[in-house]
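Colleague: Could you put the whole structure together from the sequences, leaning on the hints where they help?
Chains as they are written, first to last, in this note's numbering: chain V, 1 to 131; chain L, 1001 to 1297.
Among the clues, some could well be false.
[Said to hold, decoys possible] Here are a few chain L residues that face chain V, going by a calculated C-beta distance under 10 Å:
id	residue
1	Ala1201
2	Leu1277
3	Ser1278
[Stated by the list, open to error] Distance ranges between label pairs, derived from CB positions:
id	chain 1	residue 1	chain 2	residue 2	range
4	L	Tyr1016	V	Asp34	55 to 65 Å
5	L	Ser1059	V	Glu118	47 to 57 Å
6	L	Gly1017	V	Arg40	27 to 37 Å
7	V	Gly71	L	Arg1015	30 to 40 Å
8	V	Ala116	L	Gly1017	22 to 32 Å
9	L	Leu1277	V	Leu89	31 to 41 Å
10	V	His23	L	Glu1024	27 to 37 Å
11	V	Arg93	L	Asp1111	47 to 57 Å
12	V	Thr41	L	Arg1113	53 to 63 Å
13	V	Ala116	L	Asp1111	50 to 60 Å
14	V	Phe2	L	Tyr1016	43 to 53 Å
15	L	Glu1163	V	Ser58	53 to 63 Å
16	L	Gln1220	V	Leu89	39 to 49 Å
17	L	Tyr1095	V	Ser58	30 to 40 Å
In short, the hints are calculated from the structure, not lab data. Don't be surprised by glycine CBs; every beta carbon is placed ideally from N, CA and C.
If you want the building blocks of each chain, they are given just below.
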Amino acid sequence: MFFKISPDAGQPLYLQLTQQIRHGVETGALRDGDQLPGIRTLAEELVISPNTVIKAYSQLEHDGLLELRQGAGAFVCVKRRTRALAAQLHAARSRIRDLIERLRDDGLLDEEIRRAFEGELLYPVEVAKKR
Amino acid sequence: MTNQPVIFTQALSKRYGQSAVVRELNLSIERNQITAFLGRNGAGKSTTIKMLLGMTRPSAGSGTVLGKQITNSQESRELRHRVAYVPEDKPLYSYMTVEQTIRFASSFYADWRPEVARKLLRDCELPLQRKVKMLSKGMRTKLALLLAFARRPDLLILDEPSEGLDPVGTEYLLELLVAQNAEGVSVFFSSHQIAEVERVADRVCILDKGCLLMDASLDQLRQFYRRIDLLFAAPPREREFQIPGVKRIDSSGLQMRILASGNAEAVVEKAHELKALSVEVVPVGLRDIFLHTVREN
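Modeller: Next comes the structure, spelled out in structure tokens:
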């Protein structure tokens, strides 16, 4: 599995890791029983603090998505089929594509569109719901 | 014992004549973490480290490293057996060859790991027979780092470790740092290279003019620091936004820019109340946090 860590993304690194692994499970890129790199291996590979990996793995273990076996490593647990998400994401992408197309037609620059998207995503969830 | 901080200081201070270099520093560095000690040149980072290691005497205050009093000479000796330290100026004997330097250093340390030293030597591609005085700056740095990384200390203290390293060398250094920490070594390193700190550190302490201005986890900084850019038809008074968490407010024409260390929700809500035409929330990187913190001081 490939990871992408962005130190300046405004999100704790352990959360970036958990979300990417969860995403991998939900899209089917990671399957039941798949082994993830050990804490040290992954920390060295991504050049991040081992504590970040520990935090991410513990969170996923707590959520039942990962099984940590002493000395053997981390194994993915998928109890139910969550493949539906792959289809959902596919549909979402095409809606986003349409929206971007319309915004471009309205004369917005890509940079303006990107900033609008990023800004909306950074809105705290509670506030976004109120609007 | 396990929850005891690896470094703990109380009102630790150092004066040289009239000038205070370190002022009443209260540090508490947790075990098993990678902590970055960030500050401008001359902020007092090296002086602090030297006090921790008994190389210079504090003018006031006290401290412990691995539970040992830093000002007690017996305890200071004991703690230095369990701390690996790479000083800023990387002092090495210039007349020795690389091989002699390694053999010489290894004889001092009970925790020396010859197989690790051999591996590091291969990775660093250091010329064994070359005299230290003939090494490039980057090679000297690598040799000094090798002498620390070949040990298995409880605490690793590095003073500006990436000084003189090229990007490949820096990356290698960070990998070594991570590997050491994965083996249970607590790491405390000073730096002014924000990009490297931002990736590997768990916590960051910012020192400026001898004062500790910030001690925070990077996760928290990432999660809570936000910049909020606002646009108004008629800008409200700045004091409308003086709410907890707001660090700085700048106005320029119809625009307002707010830096918040938390509570961005409240700022956004306030902006909507005040009929902002546009509200943009952006994360703030460590570089901006550092610059803001130091400039405000």
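Colleague: Now, for every hint given, state plainly whether the structure supports it.
Modeller: Each hint, compared with the structure:
The restraint placing Ala1201 (chain L) at the interface with chain V holds, with a minimum CB-CB distance near 7 Å, inside the 10 Å limit. Using the Cβ-Cβ criterion of 10 Å, the hint placing Leu1277 (chain L) at the interface with chain V is not satisfied: the shortest such distance is roughly 14 Å. A hinted interface residue such as Ser1278 (chain L) counts as satisfied when its beta carbon comes closer than 10 Å to some beta carbon of chain V; here the least separation is about 9 Å, so the hint holds. For Tyr1016 (chain L) and Asp34 (chain V), the hinted distance range of 55 to 65 Å is satisfied, since their beta carbons lie about 59 Å from each other.
Checked against the given bound of 47 to 57 Å, the beta carbons of Ser1059 (chain L) and Glu118 (chain V), roughly 49 Å apart, stay inside it. Range check, Gly1017 (chain L) to Arg40 (chain V): about 48 Å between beta-carbon atoms, so the 27 to 37 Å window is missed. Distance hint check for Gly71 (chain V) and Arg1015 (chain L): the Cβ-Cβ separation is about 52 Å, which falls outside the suggested range of 30 to 40 Å. Between Ala116 (chain V) and Gly1017 (chain L) the beta carbon distance is about 57 Å. The supplied range of 22 to 32 Å is therefore violated.
With their beta carbons about 33 Å apart, Leu1277 (chain L) and Leu89 (chain V) fall inside the hinted range of 31 to 41 Å. In this structure, His23 (chain V) and Glu1024 (chain L) break the distance hint of 27 to 37 Å, their C-beta atoms being roughly 47 Å apart. At roughly 54 Å, the beta carbons of Arg93 (chain V) and Asp1111 (chain L) sit within the given window of 47 to 57 Å. Against the hinted window of 53 to 63 Å, the Cβ-Cβ separation of Thr41 (chain V) and Arg1113 (chain L) comes to about 20 Å, which falls outside the hint.
Separated by about 55 Å at the C-beta atoms, Ala116 (chain V) and Asp1111 (chain L) satisfy the suggested range of 50 to 60 Å. Phe2 (chain V) and Tyr1016 (chain L) have their C-beta atoms about 52 Å apart, which keeps the hinted 43 to 53 Å range intact. At about 35 Å, the CB distance of Glu1163 (chain L) to Ser58 (chain V) disagrees with the hint of 53 to 63 Å. Under the hint 39 to 49 Å, the C-beta atoms of Gln1220 (chain L) and Leu89 (chain V), about 30 Å apart, miss the expected range.
The hinted range of 30 to 40 Å is not satisfied by Tyr1095 (chain L) and Ser58 (chain V), whose Cβ atoms lie roughly 51 Å apart.
Hints 2, 6, 7, 8, 10, 12, 15, 16, 17 from the list above are not met by this structure, while the remaining hints are.
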